[in-house]
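Construct all of the structure, not just a fragment, from the sequences and the given hints.
So in UniProt numbering, spot 46 of the sequence shown is number 46, and the numbers just go up one at a time.
In case anyone wonders, no lab produced these hints; they're calculated from the structure.
Note that the structure is a prediction, hence the values are computed from the model and not measured.
Certain hints may be false.
[As the list claims (entries may be wrong)] Derived SDA-like pairs: lysine to any residue, alpha-carbon spacing no greater than 25 Å straight-line:
hint	residue 1	residue 2
1	Lys-173	Val-131
2	Lys-7	Ser-64
3	Lys-159	Lys-89
4	Lys-57	Phe-16
5	Lys-7	Ser-151
6	Lys-19	Pro-42
7	Lys-159	Phe-55
8	Lys-117	Lys-7
9	Lys-159	Ala-28
10	Lys-89	Leu-132
11	Lys-178	Asp-146
12	Lys-178	Lys-89
[As the list claims (entries may be wrong)] Derived DEER-like restraints, expressed as beta-carbon distance ranges:
hint	residue 1	residue 2	range
13	Glu-121	Trp-59	35 to 41 Å
14	Glu-53	Pro-133	40 to 46 Å
15	Pro-31	Glu-127	24 to 30 Å
16	Val-166	Gly-23	20 to 26 Å
17	Ala-52	Tyr-144	43 to 49 Å
18	Lys-57	Asp-118	19 to 25 Å
19	Ala-28	Ala-120	22 to 28 Å
20	Glu-177	Lys-7	22 to 28 Å
21	Phe-16	His-134	34 to 40 Å
22	Ala-28	Ala-83	22 to 28 Å
23	Gly-3	Thr-160	14 to 20 Å
24	Lys-7	Ala-122	37 to 43 Å
Built from N, CA and C at the ideal position, the CB exists for glycine as well.
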Amino acid sequence: MQGLQEKFLLFRVLRFRDKQAYGELYMAYAPRLRRYLVFKLPTEHDADEILAEVFLKAWDYLTSTPVESLGGLLFSIGRHRVADYYRAKGRKEEFSSEAFQEELTFADEGKGARIIKDQAEAELLREVIQVLPHDQQAVILLRYFDGLSVSDVAEHLQKTDNHVRVLTHRGLKAIREKIGK
1 MQGLQEKFLL FRVLRFRDKQ AYGELYMAYA PRLRRYLVFK LPTEHDADEI
51 LAEVFLKAWD YLTSTPVESL GGLLFSIGRH RVADYYRAKG RKEEFSSEAF
101 QEELTFADEG KGARIIKDQA EAELLREVIQ VLPHDQQAVI LLRYFDGLSV
151 SDVAEHLQKT DNHVRVLTHR GLKAIREKIG K
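Here it is in structure tokens:
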């Protein structure tokens with residue numbers, strides 16, 4: 001979403017509790033945040049529940065406090081809710097294999113073999129990403145799965161551009177080392 005339009009919508013939410021403006025913000029940010037949550041949680045159902053909680057908490061906050069970066073706020077609330085989820089479950093964070101599942105349609109053997117190979121590669125990548133430190137996981141997911149720029153990732157994760165570049169470099173290096181073995 002463009003900066004000026006986002007600021008206008010945030011102003012409408014703060015000043016007038018404008019649900020339509022909040023709906024536009026939701027439509028702009030929900031898909032990206034949901035993808036992030038699907039990778040961080042064991043099921044899509046859990047991701048959807050936490051997504052709803054994130055936007056409810058954000059509404060409460062936005063109607064009483066001015067905000068500069070909505071993306072940063074939403075991803076911050078999302079990260080905290082994921083941590084709360086795993087703290088309550090008493091488990092280590094793990095990725096959802098559902099996020100990497102694709103429907104198999106065997107139109108011909110060549111296509112079926114390619115799909116199986118792609119799924120095997122996706123599973124290997126999932127396992128490798130799962131063992132990365134949390135910050136590196138988040139940066140890799142946002143940069144390469146959501147296609148965000150370095151500055152957008154930095155804004156979402158509330159880090160500097162240089163820190164995001166370093167985390168990206170370290171994460172990719174670790175992935176290359178583990179896949180190369």
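So, going through the hints one by one against the coordinates:
no. : hint                         : verdict
1   : Lys-173 x Val-131            : 13 Å, holds
2   : Lys-7 x Ser-64               : 15 Å, holds
3   : Lys-159 x Lys-89             : 28 Å, violated
4   : Lys-57 x Phe-16              : 17 Å, holds
5   : Lys-7 x Ser-151              : 18 Å, holds
6   : Lys-19 x Pro-42              : 31 Å, violated
7   : Lys-159 x Phe-55             : 22 Å, holds
8   : Lys-117 x Lys-7              : 45 Å, violated
9   : Lys-159 x Ala-28             : 22 Å, holds
10  : Lys-89 x Leu-132             : 21 Å, holds
11  : Lys-178 x Asp-146            : 23 Å, holds
12  : Lys-178 x Lys-89             : 29 Å, violated
13  : Glu-121 x Trp-59: 35 to 41 Å : 40 Å, holds
14  : Glu-53 x Pro-133: 40 to 46 Å : 25 Å, violated
15  : Pro-31 x Glu-127: 24 to 30 Å : 25 Å, holds
16  : Val-166 x Gly-23: 20 to 26 Å : 37 Å, violated
17  : Ala-52 x Tyr-144: 43 to 49 Å : 26 Å, violated
18  : Lys-57 x Asp-118: 19 to 25 Å : 37 Å, violated
19  : Ala-28 x Ala-120: 22 to 28 Å : 35 Å, violated
20  : Glu-177 x Lys-7: 22 to 28 Å  : 43 Å, violated
21  : Phe-16 x His-134: 34 to 40 Å : 38 Å, holds
22  : Ala-28 x Ala-83: 22 to 28 Å  : 25 Å, holds
23  : Gly-3 x Thr-160: 14 to 20 Å  : 19 Å, holds
24  : Lys-7 x Ala-122: 37 to 43 Å  : 38 Å, holds
Hint compliance for this structure: hints 3, 6, 8, 12, 14, 16, 17, 18, 19, 20 are not met, and every other hint is.
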